[in-house]
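Mind docking chain B on chain A? Use the hints.
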Amino acid sequence: QKEVEQDPGPLSVPEGAIVSLNCTYSNSAFQYFMWYRQYSRKGPELLMYTYSSGNKEDGRFTAQVDKSSKYISLFIRDSQPSDSATYLCAMSVYNTDKLIFGTGTRLQVFP
Amino acid sequence: GAVVSQHPSWVICKSGTSVKIECRSLDFQATTMFWYRQFPKQSLMLMATSNEGSKATYEQGVEKDKFLINHASLTLSTLTVTSAHPEDSSFYICSARGPGLAGGLRKSSYNEQFFGPGTRLTVL
Numbered sequence: 004q005k006e007v008e009q010d011p012g013p014l015s016v017p018e019g020a021i022v023s024l025n026c027t028y029s030n031s032a033f034q035y036f037m038w039y040r041q042y043s044r045k046g047p048e049l050l051m052y053t054y055s056s057g058n059k060e061d062g063r064f065t066a067q068v069d070k071s072s073k074y075i076s077l078f079i080r081d082s083q084p085s086d087s088a089t090y091l092c093a094m095s096v097y098n099t100d101k102l103i104f105g106t107g108t109r110l111q112v113f114p
Numbered sequence: 418g419a420v421v422s423q424h425p426s427w428v429i430c431k432s433g434t435s436v437k438i439e440c441r442s443l444d445f446q447a448t449t450m451f452w453y454r455q456f457p458k459q460s461l462m463l464m465a466t467s468n469e470g471s472k473a474t475y476e477q478g479v480e481k482d483k484f485l486i487n488h489a490s491l492t493l494s495t496l497t498v499t500s501a502h503p504e505d506s507s508f509y510i511c512s513a514r515g516p517g518l519a520g521g522l523r524k525s526s527y528n529e530q531f532f533g534p535g536t537r538l539t540v541l
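For the record, the sequence lines run as chains A and B.
All residue numbers for the first sequence refer to the working numbering, where the first residue is 4 and numbers rise by one.
All residue numbers for the second sequence refer to the working numbering, where the first residue is 418 and numbers rise by one.
Worth flagging that the hints you see were computed from the coordinates, not collected in a lab.
A few of these clues could be false.
Quick list of in silico lysine-lysine cross-link-like pairs, DSS-like style, CA-CA up to 30 Å [to be verified]:
#1 5(A) to 481(B)
#2 45(A) to 472(B)
#3 458(B) to 45(A)
#4 45(A) to 437(B)
#5 437(B) to 59(A)
#6 70(A) to 458(B)
#7 101(A) to 481(B)
#8 437(B) to 472(B)
#9 458(B) to 59(A)
#10 458(B) to 101(A)
#11 45(A) to 431(B)
#12 437(B) to 101(A)
#13 483(B) to 101(A)
Chain A on its own, in the form it takes in the complex:
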């Protein structure tokens, strides 16, 4: 079993839709949870991070962590064509450098 599982998609939605992206994990020691966005031929860019359980909101983006279910989500409200990218979840154990990534979900928002 992989430490982090993520549906690769692709996920295609119309502009304005609410997008839900998810990852599950198996290592209960993970405490930092990140979402990265990666455009084609670019490096991943950190969108949001959360520490432990709970919700975090930043503009149109909301990150949720449910440690009891080992499940994290990223919600994108009012999705835009410019949101079309691959979204990667990543996790790490507290006080370590090692990031464990999901495979990424390719999102396409069409006008």
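Structure of chain B alone, referenced to chain A:
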């Protein structure tokens, strides 16, 4: 700010040759740099962590004699794939991190890694 570049962006080489990939932090001092590898439809996998002036720490299963990492300055790390073979064909991506909270680039409790755009290596 916080830009990381990689060179080359893609390279094609013959089996048995060595290939060097450069990773540079353009506008900050990277005390720590990381090298990742990504095979098609798979996750980014950490290969090694390097601190400036120290030997790199390799992840389990990564051959240190095959993947030579040098982090000689606070803005440059290199990855050399020695005697490359077709199974080494992959997407290699580096990331860089600043010195920590006091000198961190963000007002956060998370010391972020900033990623380069990656290098596509194809070994024939």
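Hints, verified against the model:
1. A C-alpha spacing of about 24 Å is found between residue 5(A) and residue 481(B), which places the hinted pair at or below 30 Å, so the restraint holds.
2. At roughly 28 Å between alpha-carbon atoms, residue 45(A) and residue 472(B) fall within 30 Å of each other, so this suggested pair holds.
3. Only pairs whose Cα atoms come within 30 Å are accepted, and residue 458(B) paired with residue 45(A) is accepted, the gap being roughly 17 Å.
4. Proximity of residue 45(A) to residue 437(B) is assessed by CA-CA distance (about 20 Å); at most 30 Å being required, the pair is judged to hold.
5. The hinted pair formed by residue 437(B) and residue 59(A) fails the criterion: a straight-line CA distance of about 40 Å is larger than 30 Å.
6. Taking the CA atoms of residue 70(A) and residue 458(B), the gap is about 26 Å. The hint holds against a cut of 30 Å.
7. Restraint check for residue 101(A) and residue 481(B): satisfied, since their Cα atoms lie roughly 18 Å apart, inside the 30 Å limit.
8. A hinted pair counts as satisfied when its Cα atoms are at most 30 Å apart, and residue 437(B) with residue 472(B) qualifies at roughly 17 Å.
9. The suggested pairing of residue 458(B) with residue 59(A) holds, with an alpha-carbon distance near 29 Å, which does not exceed 30 Å.
10. Using a Cα cut-off of 30 Å, the hinted pair residue 458(B) and residue 101(A) holds, with the two alpha carbons roughly 20 Å apart.
11. With a C-alpha separation of about 26 Å, the suggested pair residue 45(A) and residue 431(B) falls inside the 30 Å cut-off, and the hint holds.
12. Restraint check: the Cα-Cα separation between residue 437(B) and residue 101(A) comes to about 23 Å, which is no more than 30 Å; the hinted pair holds.
13. Distance restraint check for residue 483(B) and residue 101(A): the Cα-Cα separation of roughly 21 Å lies within the 30 Å cut-off, and the hinted pair is therefore satisfied.
Checked against the numbered hints given earlier, this structure breaks only hint 5.
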